[in-house]
Amino acid sequence: MQEELFTSGRNIPNIDPSLEVWHWPISVYLFLGGLAAGILLFAGVITILGKDKEYPTTVKYASMVPPIALTLGLLALVYDLTNPLYTWQLYTTIRLESPMSWGAWVLLVTTPLSFLWVFSYFSELFPKWNLRFDFLKTFMKFLKRNRKNMAYALVPLSIILGVYTGILLSAFNARPLWNNAILGPLFLTSGLSTGAATIILLAKTAKERHLFSKIDLALIIIELGLIVHMLMGMYAGSQVQLDAMNLLIGGEFTLMFFGFVVILGLIIPGILEALEIKGYKVPVAIPAILVLIGGLIFRFVMVEAGQLTRYLY
Amino acid sequence: MRYAMVIDTLKCVGCSDCVVACQTENNVPIGYCRDWITETVNGAYPNIELELKSERCNHCENAPCVRCCPTGASHIIDGGIVLVTPNECIGCGACIESCPYDARYQHPDGYVDKCTFCHHRLEKGQLPACVSVCPTKCMYFGDLDNPNSEVSKLLKNRKYKTLAPEAGTKPHVYYLI
Amino acid sequence: MSTSRRKFIKISALGLGGVVASTSALNFVGSKSYLNELVAQNVIKKLKKTATYCEVCFWKCAAWTYSDEQGNIKKIIGNETDPHCYGRLCPRGTGGVGMYSDEDRLKTPLIRTIVDGEETFKEVSWDEALDLIASKFKQIKSSYGAESIALLKHGSPGKHLEHLFKAFGSDTIAEPAYAQCRGAREAGFALTYGSWVGSPEPTDIRDTKCLVLIGSHIGENMHNTQVQEMSEAIDNGATIITVDPRFSTAASKSKHWLAIKPATDIALMLAWMNVLIEEGLYDEDYVKRYTTGFNELKDHVLNFTPEWAYGITTIKPEEIRKTARAMANAAPSVIVHPGRHVSWYGDDTQRARTVAILNALLGSWGRRGGFYFKESIKVPKFPSPKYPHPKWDWKNICEKYPMAQMGITTEVIRAAIPNKENKYPVKAMMVAGTNITKSIPEKELLEKAMNEMEFIVVMDTMPMDVTGYADVVLPECTYLERYDGIRSATNRTPSIAVRVPAVQPKYNSKPGWWVAKQIGERLGLGDYFNYNDYKEVIEWQLEQMGTSLEEMNKIGVKHYPRKSGPLYLKEGENYEFPTESGKIELYSKELKNLGFDPLPNYTKHPEPPQGFYRLNYGRAPMHTFSRTANNPNLNDLKSENNLWVNPKVARIIGLRNGQEVWLRNQDKITSTFGIKVRVTERVRWDSVYMVHGFGHDNKKLSRAFGKGINDTQMISKTMVDPIMGGTGMRGNFVEILTEDPHKTLEV
Ligand SMILES: Nc1nc2c(c(=O)[nH]1)N[C@H]1C(S)=C(S)[C@@H](COP(=O)(O)OP(=O)(O)OC[C@H]3O[C@@H](n4cnc5c(=O)[nH]c(N)nc54)[C@H](O)[C@@H]3O)O[C@H]1N2
Ligand SMILES: Nc1nc2c(c(=O)[nH]1)N[C@H]1C(S)=C(S)[C@@H](COP(=O)(O)OP(=O)(O)OC[C@H]3O[C@@H](n4cnc5c(=O)[nH]c(N)nc54)[C@H](O)[C@@H]3O)O[C@H]1N2
Ligand code: SF4
Ligand code: SF4
Ligand code: SF4
Ligand code: SF4
Ligand code: SF4
Ligand SMILES: [Mo]
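Chains as they are written, first to last, in the working numbering: chain R, 19 to 331; chain W, 446 to 622; chain D, 608 to 1354.
In case anyone wonders, no lab produced these hints; they're calculated from the structure. Please read these numbers as outputs of a predicted model, since none were measured by experiment. C-beta: ideal position from N, C-alpha, C; glycine also. Just so you know, not all the hints are guaranteed correct.
Unchecked claim - Restraint ranges, calculated between C-beta atoms of paired labels, are given here:
no.: 1; chain 1: W; residue 1: 615; chain 2: D; residue 2: 886; range: 24 to 32 Å
no.: 2; chain 1: W; residue 1: 622; chain 2: D; residue 2: 1264; range: 21 to 29 Å
no.: 3; chain 1: D; residue 1: 679; chain 2: R; residue 2: 246; range: 38 to 46 Å
no.: 4; chain 1: W; residue 1: 590; chain 2: D; residue 2: 1345; range: 41 to 49 Å
no.: 5; chain 1: D; residue 1: 1213; chain 2: W; residue 2: 607; range: 49 to 57 Å
no.: 6; chain 1: R; residue 1: 264; chain 2: W; residue 2: 607; range: 54 to 62 Å
no.: 7; chain 1: R; residue 1: 41; chain 2: W; residue 2: 605; range: 33 to 41 Å
no.: 8; chain 1: W; residue 1: 605; chain 2: R; residue 2: 22; range: 15 to 23 Å
no.: 9; chain 1: W; residue 1: 530; chain 2: D; residue 2: 725; range: 23 to 31 Å
no.: 10; chain 1: D; residue 1: 923; chain 2: W; residue 2: 494; range: 52 to 60 Å
Stated by the list, open to error - Result set (BS3-like, lysine-lysine): computed pairs, CA atoms no more than 25 Å apart in a straight line:
no.: 11; chain 1: W; residue 1: 569; chain 2: D; residue 2: 998
no.: 12; chain 1: D; residue 1: 1170; chain 2: W; residue 2: 606
no.: 13; chain 1: D; residue 1: 1170; chain 2: D; residue 2: 985
no.: 14; chain 1: D; residue 1: 1307; chain 2: D; residue 2: 1117
no.: 15; chain 1: D; residue 1: 748; chain 2: D; residue 2: 985
no.: 16; chain 1: D; residue 1: 1196; chain 2: W; residue 2: 569
no.: 17; chain 1: D; residue 1: 868; chain 2: D; residue 2: 1255
no.: 18; chain 1: D; residue 1: 681; chain 2: W; residue 2: 582
no.: 19; chain 1: W; residue 1: 569; chain 2: D; residue 2: 1161
no.: 20; chain 1: D; residue 1: 1350; chain 2: W; residue 2: 604
no.: 21; chain 1: D; residue 1: 655; chain 2: W; residue 2: 569
no.: 22; chain 1: D; residue 1: 993; chain 2: D; residue 2: 766
no.: 23; chain 1: W; residue 1: 615; chain 2: W; residue 2: 601
no.: 24; chain 1: W; residue 1: 582; chain 2: D; residue 2: 656
no.: 25; chain 1: D; residue 1: 998; chain 2: D; residue 2: 1050
Claimed, not checked - Covered by chain W, per the in silico footprint, the following chain R stretches (three or more residues, Cβ under 8 Å):
no.: 26; stretch: 150 to 158
no.: 27; stretch: 165 to 177
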């Protein structure tokens, strides 16, 4: 029999056994960041392609979500800091090796940009509201003229943001569940998928709904592929990675992961969307909401389970 | 200058004096710790092996905690000591997640804390508190760059290991086995 | 005669008097500005150094207490020059700060009273408490004589009270460090070598080539110098042989671990002697020169072959031979360690004799790497009148046990139970520095006695279980807040150490010397306490010893040259041992005359019946008995004890790691609390093991209450050593209950 235990010090609740320093706000933050990145990317791409008139939900209505999501996400992040009054310290330095650092910087640029983007549509979104000050009107006009330029900035920024939400976790060598090359692309795909789902939910035209159902279906298929790939990678890995995998496929997170993330959050909405595309009558809100819930739970599972995994030595 | 700690597992009795001494020297609040003891038992009665180890931050040469810190609060100073500047720490926890040894903790005052190799004592020419109290004298501290230091000699003459070498962190705490 | 009038009450049932103000509430106020300076300040602060010696156990390591300007004790560091610690305290000594800072400490004197028909404690002034004690003591003295007031004590406060009691006319004094601890060893060695082993043990571990530990679990038993020197011995490549049914920490450092069947050590040692003699490995010259009775011994062990012992001990004959040869190879630099807590199976004096004889065969007594000749310096007695001569004392109470050289706690307690034949009735008792509910087994006896006594005073620093029996509870301040007697212990060279208060006593607590003097003065014994402050006593004594308090404040420890001669025997030296024959008595005529075996014999002890396991217990390095369980720093390291269970047993009963279980012993005594299981290969399948000192029963101990099981509660049966009266405690068997036996049935 092998026995390993802490004789003293670490068997105290403040530190071990779970070392959970990241709580629900981090999962929420990652979810909202991914979702915002998704919408901003779609809005940017459509604008660059000059199709903004054909897909108004994407560029206009759904785009009201990212500024709110990013603000809430940031608030959640700060809420989980144990020294929140010192948050400004994030902006005294740029540390390229720290995903947390460049994530903070990307957010610093992207969040205002997402506000400006919505502001450029102000008169169309709120036709009944009149802007009180002239300089605001001029500013809005200025933004409207530069929408394409903003879109050029948004595309790379939102990709970085989406990838960042995955890299943030996968950069941690010390947590075997997170430490794999798939997690970044996986989170990006999942973020895009939740973005697409939001657009589907808000879309006013069948055309826009259809396009994003197709996009979302593709993303779901990619995501499923990535998940299989990730698990295979862990399966072939060391003992610690096997243990990590077991948390997902044969442990306390299995129901959450397979039930809510894979089946309810990916496979079922995928089938529903495929049916819809084939022309069956499906209330589109259902797959979209499932994707959103699945995306949120996916982040909860990964953040919580990841913190449980540790090196053996 | 490359500070290192060498701990002789053949002598450590797991008494935890190093843990209390660190607590009183460094004002580590009750309920937290910068160092701790692990016990590993292998075999079946009456053919058993027991290893007792005092563990702490390894002051890794390739420190993931420093790399992932967004503010630069975690940093490496002369001698390879990994430190946290409380003033610059926002408490994001990234460093805690990044440490394969779970050597860091969130101090109730908000910042992240961990073993400092007692650099405030080193400055005064004293040994780290844990090393200085260990009743079995199984802990050694010194400069790896000096071939005549006790630690260098021990690592030259004795079998040793580091913890989780596969994590690639290049620890500066060595265990004689 | 009063009927059963004393109900066990806990201080948690504090009825009258204000609720003690919480001090910690203030800590939450104040700014929480986390600046680097704040952190830096914490470590750079200028700290004051005060000399002391540790009271967390009885090794008495000299140390420096570091305190800041606000009078907070920050840390305690060993005194570099002290031969008890060489500048390194053990974890308990380092964590001694917690003895001071524990917010659960006794804060003010308490008196038992009745409120609404319920017995409870009320907070009173020192004057009220001391006046009550003095009037009760006087009253009992006039009715029964001062002799009937007994003192159970341990540690430093005991010294001051001993003086008070002897001045008052009572020498009815005992402490658990004898009958529950090392008494049998001292008796066994006194019978063989004419002198006690004593504390600290004069074992020359530093220079030994072979250290044999029979049960002594050095490394868990943290007696400082021994741990330090054992580590040095490991560095020097010494062979360590550990005989222990449990895989102790020491066993893990040993070349040979003999996993002996419990209670069979004498058989193993007889076989070792057999090998040493049969193979001619013993120190012939030493034996011839210094011992008597070798021929009797030789005949005696003739048939105790390793093959014979194998059947008893389960240790293979080759192993026995191999280890005997290893000892002989190293001889005379070999130590068969006498152990310390030796009250195991009731034949403990005989086991100690076996150890003593084995050492004599190996010629290790008085040899480098064996046992050195210890020496201490005498501290002059502060002038005081002669003590009156009591009509009877502890010796009379313990007369059944011819070799009892100190009071036997259990006998003194028994003397409180009315009995027509009892010529020495104990009517009242003072208890100081010993938690008798944990240190003395046979709870039933204790409770009966407590019920019968007319008056009980307990002086402690903590609201320990024992305070529940008191009529008056006196809060002593901790060792860090008081003067105490000068420490002068036996060592390689003599030395002394002082204890000086680092800070003012916290709360309304007082030093033990002050309490003794106050009671003494109220009893009209003022002449015996001819000083205002104990400091004056120390100052006077230090002056007699050629130093001063001023100097001692600076150095903490002072060394004196040896006067008694060299540490070891010289080659071929003629040496007279302080025995009757002047020789090491392998064969003991004294025992023979008293009707005991003159040479040790193995006797079979009962084994656990089906479904029961032998209750084994020992030390955890970070705790001292029951006194540290609530210490915030040490509780942080280990807050409860675990029940060590062999995986085979776990499989049979179906136990998981961490599962809570309860115990019931052979006398149907059920543990008050539960204990968490540790499934481990380190323990034998016929026993379970736990660390002594947990399972506290007083809610006022906010950290320790209800954590783990009190091993003493499970020790309802003792095997009394007929030679010196020690209480063997290792013959209790327990069954493991997986359901909470105290769960009240819900309808
Ligand atoms: N940390 C710490 N250290 C202490 C103390 C403390 O409270 N805490 N107390 C001090 C005091 S006063 C004392 S007296 C000493 C006591 O310390 P020791 O004298 O070393 O202790 P024992 O209780 O005699 O021995 C306990 C060991 O005996 C083993 N044992 C049990 N039954 C048998 C048996 O039948 N045969 C053999 N060979 N071994 C057996 C147990 O498994 C355990 O490992 O410790 C001292 N040191
Ligand atoms: N079951 C079982 N019983 C045992 C043992 C065992 O291993 N198992 N070990 C035995 C041995 S070896 C020994 S030596 C004895 C030890 O027996 P004790 O000396 O009775 O041990 P403790 O349980 O530490 O109790 C000490 C008491 O003194 C108090 N105290 C501490 N410091 C001070 C002080 O400065 N002043 C005053 N007034 N009080 C103070 C503590 O709060 C505590 O209540 O126990 C023996 N009994
Ligand atoms: S103080 Fe020394 S012997 Fe004790 S646990 Fe720490 S390293 Fe081991
Ligand atoms: S042990 Fe952990 S905290 Fe210490 S330097 Fe290495 S990674 Fe950083
Ligand atoms: S918690 Fe503090 S030290 Fe750790 S990574 Fe964040 S800012 Fe850096
Ligand atoms: S080196 Fe100092 S800070 Fe680090 S564990 Fe030892 S005592 Fe604590
Ligand atoms: S051995 Fe430890 S507890 Fe005992 S006196 Fe020394 S430092 Fe104190
Ligand atoms: Mo003892």
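**Asked** Can the restraint linking residue 1196 of chain D and residue 569 of chain W be considered satisfied, given a maximum Cα separation of 25 Å?
**Response** The hint is violated at about 63 Å.
**Item:** Distance restraint between residue 569 of chain W and residue 998 of chain D, which requires alpha-carbon spacing of 25 Å or less
**Value:** Given pair residue 569 of chain W, residue 998 of chain D is violated - Cα atoms ~62 Å apart, limit 25 Å.
**Item:** Pair hint residue 569 of chain W and residue 1161 of chain D, alpha-carbon separation not exceeding 25 Å
**Value:** Cα-Cα ~21 Å, so holds.
**Asked** When you check the alpha-carbon spacing of residue 1350 of chain D and residue 604 of chain W, does it fall within 25 Å?
**Response** Roughly 54 Å between the alpha carbons, so the hint for residue 1350 of chain D and residue 604 of chain W is violated.
**Message:** Please verify whether residue 993 of chain D and residue 766 of chain D have alpha carbons no more than 25 Å apart.
**Reply:** It holds: about 16 Å lies between the C-alpha atoms, which stays within 25 Å.
**Asked** Keeping to a limit of 25 Å between CA atoms, is the pair of residue 1170 of chain D and residue 985 of chain D held or broken?
**Response** Holds, because 12 Å separates the two Cα atoms, which is no more than 25 Å.
**Prompt:** At a Cβ distance under 8 Å, does chain W reach at least three residues of the stretch 150 to 158 of chain R?
**Reply:** violated (count 0)
**Message:** With the threshold set at 25 Å, check whether the alpha-carbon distance from residue 615 of chain W to residue 601 of chain W stays at or below it.
**Reply:** holds, 17 Å
**Item:** Hint check for residue 607 of chain W and residue 264 of chain R - Cβ pair distance inside 54 to 62 Å
**Value:** violated, 27 Å
**Message:** For a C-alpha distance cap of 25 Å, please report whether residue 1170 of chain D and residue 606 of chain W respect it.
**Reply:** This hinted pair is violated, its Cα atoms lying about 49 Å apart.
**Message:** Checking one constraint from the list: CA of residue 582 of chain W to CA of residue 656 of chain D, max 25 Å. Satisfied?
**Reply:** Roughly 24 Å between the alpha carbons, so the hint for residue 582 of chain W and residue 656 of chain D holds.
**Range hint compliance [Cβ, residue 622 of chain W to residue 1264 of chain D, 21 to 29 Å]** = Holds, at about 26 Å.
Checked against the numbered hints above, the structure breaks hints 1, 3, 4, 6, 9, 10, 11, 12, 15, 16, 20, 25, 26, 27 and satisfies the rest.
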